[in-house]
Amino acid sequence: MKKLTATLLCGMLTFCTVACGSTSGGNSSNLSTNSSSGDLNQNTAETGDTTGGAEDYFSWDENSHSWVPSSTKPEITTITYWSDAAAEEEIRTKQVEKFNSTIGQQYGIKMELTYFGGDYHDTVKTAAQSGSLPEIVKQDSKWLLDLIDGGCLIPYEDMPGSEELIAKYSGSLSPQSQIINGKTYTLPGSLTTYGFVINRTLWEKAGLSVDDYPKTWDDVVEKAEYITKNVDGAYGLAISSTLWTVSSWYTFGLGESIGHYGYDWNNKKFAYSDYDEFVKDVDKLCDEGCVVPGWTALDADGARAAFATGNVAMIGGASFDCAAYNNTYPCDFDWDVIEMPKLVSSKIDGKRFGLVTNLACVCNTAAESEEKLAKTLKCIELLYSDESFAELYSAGLYIPFRKEAIELGTTPELKNYDKWATWDEMFYMPMVPDNYITFEGKAYRQVMVDAWANPGIDDVDALMADVDERYNAALEEARKENGDVIDLYVIPDGTSPEKGK
Amino acid sequence: MNSCPEKSKRNRKRFSWGNDNVQIALMLFPMMAGFFLFTYVPILYLVRCSFFSSNGFKEQYVALKNFARIFTRDYDYWRAVATTFILALGKLAVQIPLALLLAVILNRGLKGTAFFRVILFLPAIIAGSIAGLAFSLLFASYNGMINGMLESINLPAVGWFEHTGTALFVIGLASIWNNFGVTMIFFLSALQTVPGELYECAAMDGITPVKRFFNITLPMIGPTFTAVLLLGIIGALKMADLILASTNGQPSGGTEVVMTYVFKYFFGYDLRQTEIGYASAMAVVTAFILALVALIYNRLTRKLANAFD
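From first to last, the protein sequence lines stand for chains A and B.
The opening residue of the first sequence carries number 1 in our numbering; numbering runs sequentially from there.
The opening residue of the second sequence carries number 1 in our numbering; numbering runs sequentially from there.
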């Protein structure tokens, strides 16, 4: 009896363990279907006949590969979208609620949004490796290749009826950015522009005028030294040790001076040494105590908060910082945004650099059936619609990639927003192969921050030359293995970083 | 000479399906299966990964290349290892005596002991990352509270995170604050097992309190002391969250410890390609270093651990 009890107990434990395992990760699609059915009942019960004008239903016809009118309410399928752009959640949620109660009812779609925090890319990678991606993910071009190599994404062309959407972006898509292996894996959503933020009140307190705003990095150094020396408790420049700020606040914008942002497309080589002058200038300011003290422990928000105290004269910035200085860290002083000061060793008279941010990629989970792909496309059309982006633009969240969306919206009531959102000529930054290669040692931004943080490091030229050497050695290795891919990192035909070209 | 093996043979029970062994084995099986699955399989997988170049999606066998890179070219890894040891030694040199001293004081049964026991243990319930964040704000060079206090008494502000030495000092302080409570509780529970008669005898013999501590207390809590110290050493060598939340390795990699270094390679930090294979190899080497430390420590402290015998 004792043995029998033991055997039964053991069997039950093992069964429970196995059952738990298969429930949590074994068959998510079944779960999704079940929940969809549940949602369908719930929606039917909730909406009843109040489908908000959704009187005509549509069903997917496998023969004609198109939507056809139907008299019966379609079965609801849940399509999930993951994003890290938490700032847009409120507006997007309203858009999706409206979509679910109208188009969603007509076509049998329930769209769900999930917004993640700081470790979003790790979340997506882990989900991709474990086969638990949603139907749509927001993903930078930087990490697209990994997901495509892993067979996790499917091209837009595989979604029936996507031709019209792709055609809207005709001529604006770049190789390795949106087009990979000849197919479109994502489309541009918004733009990030770069500039230089100045505390005008402090500037005037130091006896300087608008005419003294820096035009070159020599001016930046001179004015930072002057203000630190002449205004009690003030500092010339704010920087952060968070590595993305080095590029987003400074080196990307400095592309206007050197014609690239680390990878010279013409010579097909990395050329971070072209930033030597900038690295030396900031190094000098750090050594002289003209930079906000304790910057090595300041993250991006810490540096923004330091600027917002009113005791810092200058800080680099990107268009997404506009909302930060208006809302998150409101500046109760007068501040301006100017173009990124040029390097004295400037190689070109460059256009303003802008980074295209992609919005949505379609995951292989959407390819369970042609109907699901067609439903996924409906959700993507919502995300990319000019009306949706006009709302986001009006709220000051994004500069839409399509000018039609800007025209539909209203200029946001944020101080200095127009300075970020207007330009004469824009150079859309093409992809560079820095994340395609595997190099040894520190990345370029870490080397720059280390040089600034360590007063003992003075030989910037040698450091940056070493960076180029390591990156280019890795590039050569990658070229030996797959030279065709490296050759895809080019400036698209008909574009140039130089003004007037 | 032959009696020992024979005695051992007699004592060794032969396994039989007929007694409770079947029940024991069956009852243990699910737990042991889970333990093996979730403890040893990941370790074996990690070791396997260390022989591959992998970004999580595609992998290529590279034999010992990852290890060759660690031992021949990755100066920063060894710098992180050295920083880890400096930080661990510096921290434990303060944390262990402090925890022991407080435990001895609390063990005297003075009024308010329970209150102070709770107060002193409270920092231990705070997550390491939160402790790191709190200390980085306290010691912030710009508008930090500590610098504000220094300035209010006409002392110059200190750039705590601008120099490796001061940054390590702050991290060490945060870690001691965060961990001494647990160490203290371990010591306290060990002290409470020491028979009071020993102290009474010592008092009658006129033994001084210092001698009493070294000749009675320390030997009696020896086994606990060695275990706590080993856990402290391993814990200090594995420190990561506190540093990621405070300095994140700055300035100039001066506060980069081995776990944060490995972590950054695992997750493709700073737009670099994710190097799971190389990170795994570093994790394996680090595990060997920790095992070596534990082995040496066990050899050195064998006498103290067996003092009670």
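Honestly, the hints are just simulated from the structure, not real lab data.
C-beta atoms are modelled at their ideal positions from N, C-alpha and C, and glycine is treated no differently.
Check before you lean on any hint, since a few could be wrong.
As the list claims (entries may be wrong) - These stretches of chain A come out as covered by chain B in the derived footprint (C-beta under 8 angstroms, 3 or more residues):
| id | region |
| --- | --- |
| 1 | 224-232 |
| 2 | 453-459 |
Claimed, not checked - Derived DSSO-like pairs (lysine-lysine); straight-line CA-CA distance at most 30 angstroms:
| id | chain 1 | residue 1 | chain 2 | residue 2 |
| --- | --- | --- | --- | --- |
| 3 | A | Lys442 | B | Lys238 |
| 4 | A | Lys280 | A | Lys183 |
| 5 | A | Lys480 | B | Lys58 |
| 6 | B | Lys303 | B | Lys65 |
| 7 | A | Lys280 | A | Lys347 |
| 8 | A | Lys442 | B | Lys303 |
| 9 | A | Lys442 | A | Lys142 |
| 10 | A | Lys268 | B | Lys238 |
| 11 | A | Lys94 | A | Lys215 |
| 12 | B | Lys111 | A | Lys442 |
| 13 | B | Lys65 | A | Lys183 |
| 14 | A | Lys269 | B | Lys58 |
| 15 | A | Lys372 | A | Lys280 |
| 16 | A | Lys168 | A | Lys501 |
| 17 | A | Lys403 | A | Lys499 |
| 18 | A | Lys142 | B | Lys65 |
| 19 | B | Lys238 | A | Lys480 |
| 20 | A | Lys269 | B | Lys238 |
| 21 | A | Lys347 | A | Lys268 |
| 22 | A | Lys215 | A | Lys269 |
| 23 | B | Lys211 | A | Lys415 |
| 24 | A | Lys499 | A | Lys280 |
| 25 | A | Lys205 | A | Lys268 |
| 26 | B | Lys58 | A | Lys142 |
| 27 | A | Lys480 | A | Lys142 |
| 28 | A | Lys98 | A | Lys205 |
| 29 | A | Lys372 | A | Lys215 |
| 30 | A | Lys168 | A | Lys142 |
| 31 | A | Lys372 | B | Lys58 |
To be verified - Label pairs and their computed distance ranges (CB to CB):
| id | chain 1 | residue 1 | chain 2 | residue 2 | range |
| --- | --- | --- | --- | --- | --- |
| 32 | A | Lys347 | B | Met149 | 47 to 55 angstroms |
| 33 | A | Ile457 | B | Met149 | 41 to 49 angstroms |
| 34 | A | Asp493 | B | Gly165 | 48 to 56 angstroms |
Hints, verified against the model:
1. 224-232: Our answer is that it is violated, as 0 residues pass the Cβ test (under 8 angstroms) against chain B, missing three.
2. 453-459: holds (count 3)
3. A:Lys442 <-> B:Lys238: Holds. A:Lys442 to B:Lys238 sits at ~22 angstroms (cutoff 30 angstroms).
4. A:Lys280 <-> A:Lys183: violated (42 angstroms)
5. A:Lys480 <-> B:Lys58: holds (18 angstroms)
6. B:Lys303 <-> B:Lys65: The hint is violated at about 41 angstroms.
7. A:Lys280 <-> A:Lys347: Distance ~17 angstroms between A:Lys280 and A:Lys347 Cα, so the pair holds.
8. A:Lys442 <-> B:Lys303: Given pair A:Lys442, B:Lys303 is violated - Cα atoms ~45 angstroms apart, limit 30 angstroms.
9. A:Lys442 <-> A:Lys142: With a Cα-Cα distance of about 18 angstroms, the restraint between A:Lys442 and A:Lys142 holds, given a limit of 30 angstroms.
10. A:Lys268 <-> B:Lys238: Distance ~42 angstroms between A:Lys268 and B:Lys238 Cα, so the pair is violated.
11. A:Lys94 <-> A:Lys215: violated (44 angstroms)
12. B:Lys111 <-> A:Lys442: violated (56 angstroms)
13. B:Lys65 <-> A:Lys183: Given that 30 angstroms is the threshold and the Cα spacing comes to 35 angstroms, the pair is violated.
14. A:Lys269 <-> B:Lys58: With Cα atoms ~25 angstroms apart, A:Lys269 and B:Lys58 stay inside 30 angstroms; holds.
15. A:Lys372 <-> A:Lys280: Distance of about 55 angstroms is beyond 30 angstroms: violated.
16. A:Lys168 <-> A:Lys501: Holds, because 24 angstroms separates the two Cα atoms, which is no more than 30 angstroms.
17. A:Lys403 <-> A:Lys499: This hinted pair holds, its Cα atoms lying about 20 angstroms apart.
18. A:Lys142 <-> B:Lys65: holds (26 angstroms)
19. B:Lys238 <-> A:Lys480: violated (39 angstroms)
20. A:Lys269 <-> B:Lys238: Measuring from Cα to Cα gives roughly 39 angstroms; hence the hint is violated.
21. A:Lys347 <-> A:Lys268: holds (17 angstroms)
22. A:Lys215 <-> A:Lys269: The hint holds at about 29 angstroms.
23. B:Lys211 <-> A:Lys415: Cα-Cα ~73 angstroms, so violated.
24. A:Lys499 <-> A:Lys280: Roughly 27 angstroms between the alpha carbons, so the hint for A:Lys499 and A:Lys280 holds.
25. A:Lys205 <-> A:Lys268: violated (47 angstroms)
26. B:Lys58 <-> A:Lys142: holds (16 angstroms)
27. A:Lys480 <-> A:Lys142: Between A:Lys480 and A:Lys142 the Cα gap is close to 21 angstroms, so the pair holds against 30 angstroms.
28. A:Lys98 <-> A:Lys205: Violated: A:Lys98 and A:Lys205 sit about 51 angstroms apart, past 30 angstroms.
29. A:Lys372 <-> A:Lys215: violated (54 angstroms)
30. A:Lys168 <-> A:Lys142: holds (23 angstroms)
31. A:Lys372 <-> B:Lys58: Holds, at roughly 28 angstroms.
32. A:Lys347 <-> B:Met149: 47 to 55 angstroms: holds (50 angstroms)
33. A:Ile457 <-> B:Met149: 41 to 49 angstroms: Taking Cβ atoms as reference, A:Ile457 and B:Met149 lie about 32 angstroms apart, which means the hint is violated.
34. A:Asp493 <-> B:Gly165: 48 to 56 angstroms: holds (55 angstroms)
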